[in-house]
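There are 2 protein chains.
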Amino acid sequence: MKLTDQQLERFDRDGYLFFPSLFSESEMQALLAEVPKIYAERRPEIVREKDGATPRTSFAAHMYNRVFAKLARHPRMVKPVEQLYGEKLYMHQFKINGKMAFDGDLWQWHQDYGTWKNDDAMPEARAMNVAIFLDEVNEFNGPLMFIPGSHKLGVLEAGHDTTTTSYPLWTIDHETIARLVQRGGIVAPKGPAGSMILFHGCLVHASSANLSPWNRVSVYLSLCAVSNHIRRFKRPGYIAHRDFTPIECLPDDCLLKDYSVALPWKDGTPAEELQGLREAA
Amino acid sequence: MKLTDQQLERFDRDGYLFFPSLFSESEMQALLAEVPKIYAERRPEIVREKDGATPRTSFAAHMYNRVFAKLARHPRMVKPVEQLYGEKLYMHQFKINGKMAFDGDLWQWHQDYGTWKNDDAMPEARAMNVAIFLDEVNEFNGPLMFIPGSHKLGVLEAGHDTTTTSYPLWTIDHETIARLVQRGGIVAPKGPAGSMILFHGCLVHASSANLSPWNRVSVYLSLCAVSNHIRRFKRPGYIAHRDFTPIECLPDDCLLKDYSVALPWKDGTPAEELQGLREAA
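Chains as they are written, first to last, in the working numbering: chain A, 1 to 281; chain B, 1 to 281.
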């Protein structure tokens, strides 16, 4: 899997690339089958919705779950990003976002790189967001919405929203969003389970609540160029990883076959990864 | 404007009919120009979002605003419903729903006739919901969502949701919604300003929040067959009207020309219309 010149141009212009049905139904089933087990755990990496019960997001499952650990090394995902950055990658963040039927809440308009820069001291926006649809995404179950071209403006001013949802977020003011949408519009890539989106760390995005009876479980992860690793460990290690070892890909069939992977947090998250540290190690 | 046999069949089967661009852009502009004035009023008929400022819904503008009073007598809206019920109509409820850019909150899955029956003692579901789009409705600004065919089940059990949004609502449980959607799916009619939806009082509907920079102002009103008038005045008169005088239509060009209309609440809402009464008059 190699990105074409046309795809590279489109990524530069729009800030995202959409790959419908990149993974098969059965590959996604292998992942989905693990999700209830993960959400049933009482691990500290799991953030719940305002109701205190429905899982909203779950960090770092690739550190303790075998199937997600294989996904984290999948060549169909890793290789295009290596191509774009021209170097090896490490996993900056890995999460499973529930957006569960009926109870999945919205995410306000935000950029990710602002947080990576301000909290994690990541030098440049050379970390790629990857969204992989474990469920079909349609107009009713809260698809990701992007403002194409908004990544060109770098880091925008943001305010800390601690009230709208259960997860605090640096969000962008209404006037700026209106101006960006006037220029670039809004798109919401929709497609079957197994679809993948690559999007720029500065691309402005949001998503609505899920009022439908269809879960919309997606994996969102961020692949950072190794040379661009974070310099500050202010956030817990399970949110912003501190291990910069380059990802070595598994074979293309890894989701359907057995491959050996390290599961360092299998027996629990190390205490030092549960909190922020004053200085990088 | 007369409904065809095919439209009558479709209404019976799906529980709604969609008329894209039934009104012109300039007719909608005449209405939209009045909305800021109405929302700026401090009348008791205006319900605000949880933020206490953004207008969520505004009742009974046709009782004090000249342009909305003309809409309330528009033949393109009234005639098809008269045809369906075979008798004259009165205005049971009239509201302008803001669903404003960024701050417009969601409406959970519900039916309207449940409330009309339980609170207002309306004998049958012979009152038609009408939605008229003053702004374009697209996938991003919180379109109405319907479960086609769900009106066939009559009044479903509902629980009183007083926490999700600023407006308390009798909402339907998740299991029932999942079952109905399994059978009928979900549709969300979208279209330009001036489009109209007629939908059955038992049709299950909801709408998402509006995270987009585009307002989605719509008029929602309910036209009740005169013989089916409500029997109980438990809710304030500005929410469930107590005047059953049959609507007399104005000419088709009424939104663009001057016609004389009564504005009985022009100088304020009568005190007895602000509260529920024990008995019907």
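One thing to keep in mind: the hints can contain errors.
Identical chains share a label here; the pair holds if one copy fits it or two copies do between them.
List of simulated lysine to aspartate or glutamate pairs, EDC-like, C-alpha gap at most 20 Å [unchecked claim]:
1) K50 x D173
2) K234 x E49
3) K2 x D119
4) K50 x D103
5) K50 x E25
6) K152 x D12
7) K117 x D103
8) K266 x E25
9) K50 x D161
10) K234 x D51
11) K117 x D253
12) K117 x D252
13) K37 x E49
14) K79 x E41
15) K50 x E82
16) K257 x E82
Derived from the structure by calculation, the hints contain no laboratory data.
* To do: Up to 20 Å between alpha-carbons, please classify K152 paired with D12: within, between, both or neither.
  => Cα proximity of K152 and D12: one copy only (9 Å, versus 51 Å across).
* Asked: Is it within, between, both or neither when you check K37 against E49 at 20 Å Cα-Cα?
  -> Classified as within: same-chain Cα gap 18 Å, cross-chain 38 Å, threshold 20 Å.
* Go through the copies and call it for K50 and D161: within, between, both or neither, with a Cα cutoff of 20 Å. => both (14 Å within a copy, 15 Å between copies)
* Can you tell me if K117 and D253 fall within 20 Å by alpha carbon in one copy, between copies, both or neither? -> neither (35 Å within a copy, 58 Å between copies)
* How do K79 and E41 come out at 20 Å by Cα distance, when the copy is not named: within, between, both, or neither? -> neither (32 Å within a copy, 59 Å between copies)
* Asked: At most 20 Å between C-alpha atoms: does K50 with E25 qualify within a copy, between copies, both, or neither?
  -> neither (31 Å within a copy, 41 Å between copies)
* Could you figure out if K50 and D173 sit no more than 20 Å apart (CA to CA) within one copy, between two copies, both or neither? => Between. Shortest inter-copy distance 18 Å satisfies the 20 Å Cα cut-off; intra-copy 23 Å does not.
* How would you label the pair K50, E82 (within, between, both, or neither) given a Cα cut-off of 20 Å? -> neither (37 Å within a copy, 46 Å between copies)
* To do: Can you give me the call for K117 and D103, within, between, both or neither, at a CA distance of at most 20 Å?
  => Close neither inside one copy (31 Å) nor across copies (28 Å); limit 20 Å.
* Could you figure out if K266 and E25 sit no more than 20 Å apart (CA to CA) within one copy, between two copies, both or neither? => neither (27 Å within a copy, 61 Å between copies)
* **Within, between, both or neither: K50, D103 at alpha-carbon 20 Å** => Intra 9 Å, inter 19 Å, cutoff 20 Å: intra and inter.
* Evaluate K257 and E82 at a C-alpha cut-off of 20 Å and name the case that applies: within, between, both or neither. => neither (24 Å within a copy, 65 Å between copies)
This entry does not satisfy hints 2, 3, 5, 7, 8, 10, 11, 12, 14, 15 and 16, going by the numbered hints stated previously.
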